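Undergrad: Residue numbers (our numbering), protein chains in the order written: chain A, 64 to 392; chain B, 22 to 394.
If you want a taste of the chain A side facing chain B, the calculated C-beta under 7 Å gives, among others:
no., residue
1, Gly112
2, Ser113
3, Glu114
4, Gln234
5, Thr270
6, Arg271
7, Ala272
8, Val277
9, Glu279
10, Lys283
11, Ala284
12, Gly305
To be clear, the hints were calculated from the coordinates, so they are not data collected in a lab.
In this text the structure is predicted, and so the values were computed from the model without any measurement.
Every residue gets a Cβ at the ideal spot worked out from N, C-alpha and C, and that includes glycine.
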Amino acid sequence: MIDRSIRQHLSWFDTLKQHLLTTVLCVALPVCSVSASAENLTIGFSQIGSESGWRTSETESIKAEAERRGYNLKFSDAQQKQENQIKAVRSFIAQGVDGILLAPVVETGWDQVLKEAKRAHIPVVLVDRGVDANPDLYLTKVASDFREEGALAASWLAAKTNGKCNIVELQGTVGSSAAIDRKAGFDAVISNFPNMKIIRSQSGDFTRAGGKEVMESFLKAESNPKKDICALFSHNDDMALGAILAMKEAGIKPSKDILVVSIDGVPDIFKAMMDGESNATIELNPHLGAPAFDAILAYRAGKTVPKWIKANGPLYLPDTAAAEYNKRK
Amino acid sequence: MIDIRPPIKATNMKKHHALQHLLKRLQKQPKTLAPFVSLLLILSVTALITPGFLEIKFVNGHLYGSLIDILHRGTPTALVALGMAVVIGTRGIDLSVGAVIAISGAVTAVLTVNTDWPVWIVIACALGSGLVCGLWNGLLVSIFNIQPIVATLILMVAGRGIAQMITEGQIVTFHSTVLNAIGNEFFLAFPIRVWIVLGMIILTIVVMRKTSLGLFIEAVGANVRASRLVGIEARLLVLSAYMFSGFCAALSGIIIAADIRGADANNAGLWLELDAILAVVLAGASLAGGRIYLGLTIIGVLIIQTLTTAILTSGLPVQYNLVVKATIILAVLLIQSPTTRQWLAKRFQSKRGQNAKKEQNSTSSQNHGRADQ
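Hey, can you work out the whole structure from these sequences and the hints?
TA: Now the structure itself:
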C-alpha cells in the first residue's frame, strides 16, 4: 500500500514537472507550436499482435512513419490479450510519453485506463478499431469505416449476382468491432435484396486454420454445396484463404463454383486472385501512422480534432491483382 | 451363397463373444463406460439437430463427411493428448505443448522456404525441436525439482515468442508435396494424418502396456520415493515422459502447419494444451498421477472434437459457441463423477429390490476388482 501511494505521488509529481516545463517553454518562446511540431515526440503504440498479414504491415507502416519523422516509438505487442494492452498503456503513462496509439483488441473495458491517460493529459489515438467508451476519453479514432467495407462487399456481390445469392459468412473474432460492423454493413445492404440471404454464419477467429475448419463444416452441412452456396463473404482475407483450401479439397472451384469476397487486401489474397481463386478484396488501409501522428500534433497545437478520421481503402478485382501483388511483395 | 454362410456365422459368433467379453469388462469397471456413452449421446443428439451429420460418402476415392472431419481435425489434439497422458501419469503436466506446436510449425515452414534440404530432414529438424523442448521441461522438472505446472509455464510463454522470432512475426507460407500430403491427402480412403496418429497411438499403447514401462511411469506418478526404493530410475523416466510429450507436440505442429500450408506462430495450437488435459481427464485419469487410460484418452479427444464440429455444422449463432461447449463438457464430467454414479446405482438397486442380494455380490466383487488394480 505504501509503495503504491508513493508511486502515485511520484507520477503525479512527474506530470506536474513536465507541465511546468512545457508552460515555461511556451511562455518563453513565442514560436511554441512550431517547435512542438519539430520536436522529437515519444509515442507509445500498443498493438494487438501479429495475427494476420495485414496487422504486420500496419505495424511496419506505423514504425516506418515514426522513423521518418524521427519520433521515438515504444512498441508493445499484446498477443491478442486485452490485459496486456491495458498493462502496456499504463506503462506508457508511467513513462510520460507524448501520445499513445492503441489498436484495441475488443470494444469494451477500456474506460478505466483511458481515464488514467486523460488524467495524465496524454492523448490516446485509437487506430484501426473503435472502443465502447465516452468519446471524451480519447483524442480521435483513425480507422476505416468497417460498416462501409461490409456494405461495399455486399454491393459488389449484389451487382455480380443480380441480387440473387445464398451467402455463407466467416465472421471475425466474436465481439471485435471489425466483426460486428462488417457484418452490420453487409446485412444492411443485402436486406434491400429479397433474394440475397446469409444461410450460414460462424466465427473463424480471423485465422487461416479457423476459416478452413469452419468452411469444411459449411460444405458438409449442405447436401449440394456447389448449388446451395453461391458466395462466401469473409470478414478478413486470411480466413478466406483457409476457406479456399477447404473448397479445393472438397472438389469445389473457388471463385467459380462459389464466389469469394473478403476484406483487408493482404498480399496472399492478391496471389489467390492471380490464380483465379478469389473474386474481390477490399483493402483495409494499413497506412494509419501519418494521420494518427498528425492528430497528436494538432492536439499539441491546441487545434480541435474530429472524433473519427476515416481512412477507407478501395475494392480490388483480379484484373489489377498482379500489379498490386508485386507492389506489396 | 450357401457356401459362404458358415464362415459368416462363425465370425458373428466370434463377434458376439467379443461383445459379451467387452460387456463383462464394462460391468466390472463402469467407469470406462462413461466416455463411450457420452460420445454416443453427443453424436446422436447432433444427428437429430443436423440431418446428414452421420452420412459418409465416397468422393474422389476417399471418404467424405462430418465424421471423417472429426477424425481429421482431432488428430493434432489426439497426438498432444497422448503425450499429455504419459506426463500426467508421472504426476506432471505439460502446459508448453501449444508453444511447442508453434515452434515446430515455424521450423518446418522456415526450413522449407529458406533451404533446399529434403523434406525428411526438415521434418526431422522439427521433431528434434520438440525433443529439445521436452528435454528442457524434463530437466527443470526432474533435475531441478521445479513444480511441473511452473516449469512448463515458462516454455508456454517463451515458446510462442521463440516461434515468432523464427517466423519474424509473419505467417510463412510454403509449398511442399510431402507436407501437403501429410496435411490433407488420403491413403486407403482415410486422411494420411489419421494413419500417422493411429500408428502413434498403437505404438504408445503397445510400449506402455506390453512392456513394464507403463507400470514404471504410473509407479513414479503414484509414489516417487517408493518407486525409487524398488530401483526404478525415476528421474530418467520423468525426463523421457516430457521428451515424449515434446515429440508428440512437434508432430502435431507439423500436421497443423501442413494443414494450412503455412506457419501461424500466433495461433497454431493456441489453447490446445487445455483440450489435451481435458481429454486425459475425461478418460478418467487422475491429475494426481499414477493412473492413465490411453485408449479412453482418444475417446476424450473425439468427444471434444465432435462437439466442435457439431457446433460448427449446427448453425448455432456464434455468440453461444463457448457456452454450449462448456455446458456439454460439464454434463459429461457430471455423468462421470463418482457421486452421480453412486446415485444412479442406488436408484438401479431400489428398482430391482428383489435382486438385491445378487447386486450386492457383484458390487463386492467390483470393489475387489478395483482394489486389485
